[in-house]
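Protein chains in written order, with our numbering: chain G, 1 to 107; chain V, 1001 to 1114.
The set of hints was computed from the structure by calculation and includes no laboratory data.
Honestly, I wouldn't trust all of these hints.
What the hints assert, rightly or not - Restraint ranges, calculated between C-beta atoms of paired labels, are given here: (1) G:Thr65 x V:Asp1070: 32 to 38 Å; (2) V:Asp1070 x G:Asn18: 44 to 50 Å; (3) G:Ser51 x V:Leu1114: 45 to 51 Å; (4) V:Leu1114 x G:Thr65: 25 to 31 Å; (5) V:Lys1040 x G:Ser27: 18 to 24 Å; (6) G:Gly57 x V:Gly1016: 44 to 50 Å; (7) G:Asn18 x V:Lys1079: 37 to 43 Å.
Heads up, the beta-carbon is just placed ideally off N, CA and C, and yes, glycines get one too.
Listed below, chain by chain, are the residues.
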Amino acid sequence: GQQVQQSPASLVLQEGENAELQCNFSSTATQLQWFYQSPGGSLVSLLSNPSGTKHTGRLTSTTVTKERRSSLHISSSQTTDSGTYLCAPNMGYKLTFGTGTSLLVDP
Amino acid sequence: ETAVFQTPNYHVTQVGNEVSFNCKQTLGHDTMYWYKQDSKKLLKIMFSYNNKQLIVNETVPRRFSPQSSDKAHLNLRIKSVEPEDSAVYLCASSLTGGARDTQYFGPGTRLLVL
């Protein structure tokens, strides 16, 4: 089955710094979602990026499909960015989630 | 804007009781899902339904049974809950269920089994 590895497991930044999150998966996927999970637990879809580069706000995702990897770049981090970032390739009728990167942005 | 709704937000119960969680989506999607997030925060698929038909059942114990009245509703019943069922249960939906879909999640139902 699909295996998903995310790195780093945790990250601490000072407000204003940039973050680079990595996601590697074992089987080719035709869709890859990045999610943000707040400390309270709600799951928000940030980006759907099956290949190439996509931007939304301060977020940039780059997915290299044939290498089975994706990255999420957060620019000019804010304290409200603190939480857990999850990637999930779509294998059809199910997402397989990584263990996430826990991000803490200090003021 | 929330388009996948779950009730209740939180439920506390005793071992052996039956519980039922509700999920509704207003996106007009054909496919709905239940995921479980355990105490280690790992999110795993439990069930997928497409137009009221079961598509995926990921080796879930038989005490769990999904119930779909129409494609906009997918409920989850747990007969005789166990302590290891304490978790957050997340409902999601997507347009077709295909591998190119984007899935949209509800706020979750947190279950605590005493």
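When the structure is checked against the list of hints, which entries are broken? Sort them ascending. 4, 7
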